[in-house]
Each structure stands twice: as C-alpha cells, then as structure tokens.
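> Quick mapping for you: the protein sequence lines, in order, are chains F and R.
Counted from 1, the first sequence has number 310 at position 310 by my numbering; the numbering is strictly sequential.
Counted from 1, the second sequence has number 413 at position 413 by my numbering; the numbering is strictly sequential.
Hints may be right or wrong, so weigh each one.
For chains that are exact copies, the list does not tell them apart, and a pair is met inside one copy or across any two.
[As the list claims (entries may be wrong)] Under the rule of at most 35 Å between Cα atoms (straight-line distance), these lysine-lysine pairs were calculated in the DSBU-like manner:
(1) Lys-331 x Lys-186
(2) Lys-186 x Lys-84
(3) Lys-99 x Lys-503
(4) Lys-214 x Lys-7
(5) Lys-7 x Lys-434
(6) Lys-99 x Lys-582
(7) Lys-148 x Lys-25
(8) Lys-257 x Lys-290
(9) Lys-228 x Lys-674
(10) Lys-5 x Lys-257
(11) Lys-402 x Lys-325
(12) Lys-297 x Lys-674
(13) Lys-290 x Lys-10
(14) Lys-186 x Lys-148
(15) Lys-214 x Lys-262
(16) Lys-10 x Lys-214
(17) Lys-522 x Lys-228
(18) Lys-228 x Lys-370
(19) Lys-15 x Lys-262
Source of the hints: derived by calculation from the structure; they are not laboratory data.
For reference, the chains in residue letters:
Number of protein chains: 2
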Amino acid sequence: MALQKCKITKYTYGKPFFTDAVTEKIAQGEGAPAYVTEIENGFTYQMGDSDVVYGLGENVRGINKRGWHYISNNTDDPNHREDKVSLYGTHNFIIVDGKERFGLFIDYPGKLSFDIGYTERNTLTITAEEMDLDLYILEGESLNDIVKGLRQMIGRSYIAPKWAFGYGQSRWSYMTADEVREVVKKHRENHIPLDSVYLDIDYMERYKDFTINKETFPDFADFVQEMKEENIHLVPIIDAGVKIEEGYDVYEEGVEKGYFCKEADGSYFTGAVWPGLVHFPDMLNPDARKWFGHKYKILMDQGIDGFWNDMNEPAIFYSAKRIKKAMETAKAVDSDNMDMVHFDEFREIVSTLSNNPEDYKSFYHNVDGKGTMVCHDKVHNLFGYNMTRAAGETFEELEPEKRVLMYSRSSYPGMHRYGGIWQGDNLSWWSHLKLNMSMMPSLNMIGFLYTGADLGGFGADTTEDLMLRWLEFGIFTPLMRNHSALGTRRQEAYQFGAMEAMKKIIGLRYGLLPYIYSEYMKSALRGEMYMKPLGFDYENDAFAAKVEDQLLLGDSIMVAPVYEQNAEGRYVYLPETMKMVKFRSLTERTEEILPAGHHYVPIALDEVVIFIRPNHILPLSKGGENVADTDFTDLELLGYVTEEASYEWYDDDGYGRDYENPANYTTFTVKADKTVEVKGQKKLKVQVNL
Amino acid sequence: MALQKCKITKYTYGKPFFTDAVTEKIAQGEGAPAYVTEIENGFTYQMGDSDVVYGLGENVRGINKRGWHYISNNTDDPNHREDKVSLYGTHNFIIVDGKERFGLFIDYPGKLSFDIGYTERNTLTITAEEMDLDLYILEGESLNDIVKGLRQMIGRSYIAPKWAFGYGQSRWSYMTADEVREVVKKHRENHIPLDSVYLDIDYMERYKDFTINKETFPDFADFVQEMKEENIHLVPIIDAGVKIEEGYDVYEEGVEKGYFCKEADGSYFTGAVWPGLVHFPDMLNPDARKWFGHKYKILMDQGIDGFWNDMNEPAIFYSAKRIKKAMETAKAVDSDNMDMVHFDEFREIVSTLSNNPEDYKSFYHNVDGKGTMVCHDKVHNLFGYNMTRAAGETFEELEPEKRVLMYSRSSYPGMHRYGGIWQGDNLSWWSHLKLNMSMMPSLNMIGFLYTGADLGGFGADTTEDLMLRWLEFGIFTPLMRNHSALGTRRQEAYQFGAMEAMKKIIGLRYGLLPYIYSEYMKSALRGEMYMKPLGFDYENDAFAAKVEDQLLLGDSIMVAPVYEQNAEGRYVYLPETMKMVKFRSLTERTEEILPAGHHYVPIALDEVVIFIRPNHILPLSKGGENVADTDFTDLELLGYVTEEASYEWYDDDGYGRDYENPANYTTFTVKADKTVEVKGQKKLKVQVNL
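Pulled out of the complex, with its shape left as it was, chain F reads as follows (with noise of 0.2 Å):
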C-alpha cells in the first residue's frame, strides 16, 4: 500500500486470527517495532509529561485517553460508570502526540488491556491474553494523515442513506402500531421534523427475529408503506439471539443447517437473553452468516429499509447451565438461617450470572465453515461486526444500487464498512452528553462516522434542560435519535414544555443538512474524520491539544455546546478568530466576531452557537420537515469571509451508490464582497451570508 503522508508498517506476533479488519496489503517490518518496547504478551512506551493519547473509539473518560485502563472486551453494561473499562466496542487504534507521533492499530479479537498512564502516570502498557496479533505502527507527518493511512488500510466507511441523516424518534418500545402513529402524529402536528421511528424489540413476536407482532402490528407491509407516504421510514431491531420455539423458522432451519453455536461436545450453546433461551447464530461461520443476513430480507420485503443490530456482543443475562448451578446453590442454603459468608456467596452468583467469561469460554466457532472450531472468548470481539456484515452484505448483493440503514451496538473496525453504531445504552446523565462529543472524534478516527448517541440518555430519567442541551449537540452528530428505556420518563420533543424551543432546534438540522451530509460524505470517501478535537486542526497550538470539550465539524465549523446543568454559558477557546453565530432557530440567529483567546459566551437554555473559521462558509438549507421535504437545490452560504473562501460541497440523490460522480460535487467561491462563483453540474439557487 502506498499512502504518501503515511507509512504504516506490520509486525506479526504468533498466529493472529484473520479478523479481514484490513483490507489492503501491509509491509511486514523487520526486527522490532518502533518506538514500542516489546514485553511479554504485549509493548510499552514512556510517554512525556505533556503527550496526548488520543483513540481507542467507543470507551469512557476524555478524548484524551491518558490516566485510566480500558480492556477491549465488548460488553452489555448499562452502567457507564467513569470506572468502567470496557464498553459494547472494540476500536484498538489510538495515536501517542507528543514528544513523538505514531498511530497504533492492534488486529487482535480477544481480550486486550491498554494501561495508559493508570498504573504509573507517563508509562502506556498494551497487553493481550495471549500475543497472537498484528500489530501496525502508523507514521505521518499530521495527525490527520495517520488517521488518513489507518483509514485507507482499512477501508472505505459505510454510508447511509440521507434520510437517516434525518431526526428519528425511539422508545423501548413503542408498542402498537396505533403508538408509532400518534407518535408520528404529535411531530406532524406540531411541525417538530421527523424522518423515523423505531421499533424496539416489541414489534416482534415473542422476541423473534424476523417476526412481527401480528397483534399490535397487523398488516405490517401496509404499515410501512402507510408510513413512508408520511415520509417517515420504520427502523425494527434485530437481536442476536434465536429463541427457541418449536415451529419458528428461523431456529428450526439453524438447527437443521447446524448454524448455531456449539459447545465442545457438539450440542448448541443455550444462553437467555429477551425472548428466554437462545441459540446464537454462529457470525463467524461464511455459510451461517450469509444464511442470516438473507434473513432481513423477511422485512425488506414488507417495505423496511432500516434496521439497527442489536444484544450482539453477545449479551447473555444467563446461560442454561449457569442458572441451574446457581439456583441449586441457593437451594443448598439454610434459609433460616443465612449468614454473611453464605450470603456473600449466594449475591456472587447472582452478580455474575450475565455475560460470565466462562460463558464465553464455552461454546465455539465454525470459522471457515468446514469445521475449524475456534473458541468463542478468542474472538469475542468480532461477534457483533460479523453480525453487522452478515446484514450488510445481503444489502450489497440485494439491493446493489440503494443504501440500507444499518448500525449497530457492538463493533470491531471492519464493521464500519458495513454500517454504523450507536454509542451503547448510555444514561439520561449530563457527564454522559459529554461523554458523548469526547467518543465522536474518538470514533471517526477508527471509521466509525455513522454515529451518535441515545439523544436525552437512554437509561434514567432525563429533564427538560439536558434534553434541549443534548439535542443542542445532537444536532451535529450524523446518527440524530431521541431514544429511552422502559420506565423511563418519556422524552419525545412534545412532551416538554420547553417543545418550541426543542422544534427550533430540531429544525436547525434540517437547515444545517447540507453541510452536515456534504461532510460526512467527503470524511467517508476520502477516509478523514467528521468531527475532529482542536489539536488536529491547530498542530502548533499547546492549548488547542488539550481542548475537551470543543470539535471541529468538519472544514468550516467550530462546536462548543454547554453540557453543564444550570449553566447560562461557557468557556470556550478559539485557536484563531472566528465568527460566532448563535442560533434561536435556523433564521433567529446573531452574529459576533470573536478574537482567537478565551472567551465566556453566554448561550441560553434554547440557543445552539457555531463558530466559523476565517474565510470558510457552509451551505444552509431552507429548513424542512423531513430530508425528502428539504430542498437541496436552495442554499444559504453561511460565512466568515475577510478575503476569500471556498467550499467544496458534496450532495448526490442519498438512496443510491453513485458515490464518485462528478456531478455530486460543486464548488463554491464566496469573495469579502459577497460575490460567488458556482462551479457544478447542479442547478442551484444561492444566497451569500456573510
């Protein structure tokens, strides 16, 4: 491969497992890594003082990942602590900036610890379970160029459809179809914009794939054609696992195809997840993915063009054997007489029966199809990307001219061709709609761009103000969706009093969906980063490194939403000047200047500020209810322009593939006295901002 800004070298260690994370050709390096010591089953490197770590994708803590331990090891826990160490993901990529510069990839599926600066501050310690790995040292002159190599090495990342680049509206679960209509109802009425609606596990039968609740969801194809002439697109969950029911297809005809997972002595693994017990599709047979991706067909049929994959790390609440072994313990006890050595015992058992390691140490894989057994915990990570490819790939060779919504809770890099993620099952928590800008940049970098987070939080209660603050940053991620948790109070725009201000700034992506698409697209096809931390942008500025709480949005944009409860503004830096514009609503909007420094900015409870770089723009869009309802073809351009800017804009149809036409592409050029110059085969109206 030959990337001119970056070079990537590969050093193998042991036997790692073919993961086809990578898909272009790698030079094998001679002798020992740089910059990395090797150490027994891993590599260290002394960092200074100063250095920033930047990586490792969807995990907890900073976009400076320096003082805590992660371990790659996906996983279902709802509770996103700031002590947690691993997440529903594993994105084994990170860059050490500082007194030196490198990326560093690890293609390893199993478990894999990265001590970065937690045992001893300036010390970074990466350690498998077993040394069966390749591992790529990236090296450039920029960051954007590493990031620019690992992404050229591992492939162009998956795109979706523009109406996904819509607002959608989620609940767990919305549980009739009569619910999804007058959820649909409230947005039109109100002129809140919607552009879909997800159905969470209940639309199924019993927890089923591939099966709908013929009660609550009758005629579902009507449905969903009812649905679309609304302009609004259905997004129905797939799980994981495959109840076990005598004359459901899906679980009869894996059993027959011997497609599901299988313990040592050949019999199929049974955990328990929503629908009671499973079997688990075996993903990383060739034969059995395809076989279950061919299922989605099932929905695609009756007019679905979305789908998001879901309990795929796989979550296990418990397996057969596990709760035997603990509800016969419990039954052992003298009940009259419990002490707390027994009770410690009995609340271990119970604490540990979810996705218990030995769970995963039992039953295995058909990797090649032929029989080539591999135990599930060795390649755990991959579970849920082989999940993701086995829908994405029936995508590919079903509808080869039209993009299909697909994201995904649990990943692996080479998933990221395939689809998306949202950021887990994070929490209606302020430190979370935080959590949330530091993991976008993190993820862009590994491929991940089709992504965002459970708007308002998912688990826990929200309040009118983080949701309106979350939906004031939501606005800028390319996944916009408004999801929670059973129990939970209910978050849909127009159950707040506050659902004028919170219409306007769902508006405000409409409007903002030229610039937003343009440079999504332009990051996925040109393998660069969405949205970026300061320091990629401004190398030389030591200040810009250290900036958590601000992103580039692509060329032309600054963000810097407020995450903070009660507060009437912010802190913000600006690395050079730039104009500020704080927004009511896509047309209520100021105006300000501001000098490069620190600044207070006061931004109300219902304002969403950007900040434009000297002599750039961005288009705007009129505004509309719906993507379909948004006009492309009529543009603001939006600017800060002393001398000269220009903008080179992408926009295509967003259903089909024709990604590298030329005619996607137009260029504008905006001068200080607001003239412009188009250059482009579409037909446009334009109207210079400045």
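Using the hints provided, position chain R relative to the given structure of chain F.
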C-alpha cells in the same frame, strides 16, 4: 427568638414527631405561609427562569439544585450516580434566591420529596409522605442572614478537636496493629504529615461493636498509647447493628433491657449487616440511647478520643424474614427451564433484598422509653442522628472539658450539634471530586461544618492524578481524610510516584491550619458558613450566582480547584480584583494580581491556587508533620492589601471547651506598607507578607 436580620415563622401541619432539631422557640405563623402555596401533602412555588435554589445538604448534582428531584430518605447505596435521589443524610433546608428570596426548613423525619424543576422546569414542589411536619419560613435581607437565622434556630454546630484538622489516613481496613504501624512509619519516614489513622470494621472481633480483635490488635490500650506518642490518634468505627451472639455482653444486655428495636409482635427485629444477624439498638429510646452511648467508654478507657459512626441509616443487607422468603422463591423455581419471567422475578427479589422499605416498616421505636411505639419508617431519617447523639451526650457527660472527634455517615439536622459527617461512600470518580465541592456549602448551611469527602475516592480504583487533584481540594475541608475500600487500589500518599508532590500538598494544609481552624471555629460559634458559594458574598453579581466550581473559604480567600482529568488549568471567575497565590509547597509560591473577570489559569498537577480578596489577610504557620508539631504562635500574615486589612483570628488549645474566652481572639491589622498591629493576649511572632 429574636434575630434582627432573619425573621422565622413556623407553620405546623398535623402532628409532627418531635425531632429535637430545633432548639429555639419559634413563633407560629397565622394563616397560610408566605411564598409557598399549600397543596395536598406539601407545598409548591413558582420559580423565575433564573432563580437559584441552594441547599439540601448531602445530595447529588450541583450547588444550584435546580433540574432534579431528591427524596430525603437516608440510604446506603454505594453507586452515587447523577440520577440518584437519596444519599445517606436528610437536610430539608433550601434557600430560593431570585425574584424572591427566602429559606425553607421542614422538620420531618419521614420521606420528603423535593421536585426542583424536574417535572416542570420552573415549578418547585415539596411533598411529604404524611402531612405531619413543621414548616419554617426564613426571611432575611441576605443569603448569609437567612443561614445565620437557621443556625441560631438549630443550635451550635459540633466542634472537633484541633488534631482532627490534621490529615487522616484510612482504609477498609488496616487489618492489624502492625499494618497500622507500617502506615504511620511510612508517613513519618517520608515526612508526609499525619495526625490520625482510622480503624475500619476489621479491628473488631467478628464485627462486634466495642470489641477488639485481640489476635490482630493485641494490647490495644498500649497500642493506642504507642500511637499517641507518635502524635497519631486512632479512630475506630462503630456500626449501628449489634451482633446476635451468645455471650456478647452488648447483645445480651440489650436483649435483657429491651433496648433493641422490636417488631409489631414484640420480638426483636433481626437484620443482617457486616456481623451477620444483628439487632438494632433503639436509638430513639432515651434510655437505650444512654445505654448505647455509654458503651463508647469501653474504647475511651483504652485511650481512644475519636470515633466514626457507620451503617446508621440503618443499612440492612437483608432481614431474616426477607432472605428466607427469597430463598424459598428460588427453591420453587424449575431450574432446568427458567424463563425470562421467572428470571426477572428472581432478579427483582435479589435486587430488593437490601434496605427494603417493607423492612423499615416492620419495626418500631419506643420513643419515650415508656412504651409509645412509633414505626421506624415514620422516623427513619433520625436513626443515625440519634446514634451519634448517643455518643455525643455521653462525651459531654464523661468528658465535659474535652472534645472527642465524632462523625457519622447518616445524619439529620440536630445531629450537627453532636458530630460531623463524611460525605458518604463515594467513588474514585472525577465527578465525585466535583460533588465534594458542591456538597461543602450545602452542608455548611445546615450546620454540618466538620465534613469532607473520602479523598481519592472510596470505591473503585483511584489514579495518581485524581489523588493529587483531590488532595488539592481536600486541604481546604475541615475533615481531611484519605479513605478507600476493600479490593481497590492502595492510595496512601506513599504509594504513588508523585509522593513528593502529595507530601508538599498535605504539608500546605499544615501551613494553612491557623486560618482554617480559625474560620471553622468562627463559623461554628457564629452560626456562619465555612465555605460559601460566590453568590453569598457577591449578591449583586449575577454571574457569581451561577458559579458552581469555586468557593469562598472564610472571609479572606476563594478556592478554585481543578477537577477534570488531564486538565492543565481551568477557567476562574473573579468577582473583584484578587491576588492569586500559586503554591508548589508552603514555601514555593508565586503571586499575581488578577483583575475582576474571566481568566484561564494554568494549574499544574502539583500546584494549589488560592485567591486572596482585596484588603484581606490570612495567617499561615510554618508547617508541621502533625497538629501538635505545628506552631500556632509563629505566624506569617499572607495578604493582598492595598489600604488596610484586618483579620480576627481565633485560636485556642484545641482540646478544651472554653470557646468564649476572649483570649482566644487576636486581631491583626495590616497596612499596605506592611506595618502590622496585633491586638490580643497571645504572645505571637508575626511576619507580614504582602
């Protein structure tokens, strides 16, 4: 009661339980209370958009309590997430400050709910489980006046011995006397100052209150004496539950005298806590309280002069009845084929075993010692208060001339007269360092002055940088203790590479002691706050009212700690011109005058910053390795004086109770030319440093 600057009016609803929180007679108001509107079982108030609501003592979220709901229901729950509604204490005092200004105190020992703009952003609603309560409305010119009025009404705050303002080291648990010796030795060898070592539950014989494990702590009285000679005070923990064990005198006496809490049928209620099955002393029975209090003498006779009271919400891991039922349910399950319905049921049973409301409803207090039985759940929030009162009354009786250190986990106003609190079993989270800051003024308002958090965090693993930053705030809290839980990373200062920096930070505490002790004593004696939000002293500064992360400490200084990981400084708002003093140690410092307004201040990981208000001074000592070793007669007056500064300095012997002696006061008057006038009876060496 006549307090010129604060008018207090009392409104009685139903038949309130007499809590003894209020020590003064307050006039009953006529008709409906001012400000609030009566609703069913409570009160409501319409807030202005920008009103601030202060108060609620120990609770989650910020200084401004708006945007969440809180339930006064003392609860032992170690997972202090943002969405918690109850922690360990009940502090039903708020001040609304905005379009109107008033304080509101509700004396009610049952469950009380505060919805402060949670359901509806501008609506404050307070509801009681039963409408038997005293409402006090406090009106004052200023926020400080309202606090002073409240404090006069509820009596003088507990005063700790001076040695308890030194640094304390704790761990769950130092298992042997030799381990304690080792901790002390490591501090002394490395010259890390230290005044106390805490004994968590394992010093006891099988977790039995007032016993000593003779194998691990042989010759306890000698050991206490040995430590005293090193100027180390040992502080043992006392738990609420008394172990059921034949031959254990406290258990047998309690049973014989009828001093334990009883169920409706007259049998003793049996719960399980650390010792296994226990009975709970009836802390609300005056006779039982006196009996339990006198047990502390067992340890005092061995030289102990400080205690901490724990598990006194009271925490109940399970009750004998409930565990029996749970295990029977478990036994009834068909473990060969457990489905999700039964699993959820089972999980629910297990997760509700601890601190179950039904258990709190199933036992009673003999509240007058004469057979007037009151169900525990109606007076739940008084339990920890009365346990601590038991000890406090004993101390006053047995040691009328000497102060004994006492603080508690659970609390209720009134208890502030008998002891302090630590801020619960927090976690090694950066957000809990922030929470520590938010709680300080909220607790100070309601009279809890001797307080602080477990520095470095109790649960979860700390990091070196978190420990440093937390110490940098902890040196300002009256209770300064490093404490961590079983199974977590060791966090004594000498465990870290940054030991030298930690030593200097802790050393700075001893330099600050003359000021810290003086401000603490004056706030206790005058009914004022030791730490205040900025809005309390800068009432006309709208920005100051919203600052959540800076505090005024006494009259002379403002503190603004760094509480974010990897931050190399922070933004600070100055309501007026101040002198910033940056310490690397007590003696290594730099100074800078900063104008009023917003500043970004670099603060390295080993630096502490204070801001001195104009024409204010503070007395510093030359440091020491423990309080006894610190010379309070050799002072440096550090200040920012453009004209003249006067400081009223309180100091006493630190052990006695002769608080009102005029000899305790010295007035320093310093002029810009560095001349100083010292008025008082003490013989002091004074050096001026402006």
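> Output the numbers, in ascending order, of every earlier hint that fails for this structure.
The structure breaks hints 1, 4, 9, 10, 11, 12, 14, 16 and 18; every other hint is satisfied.
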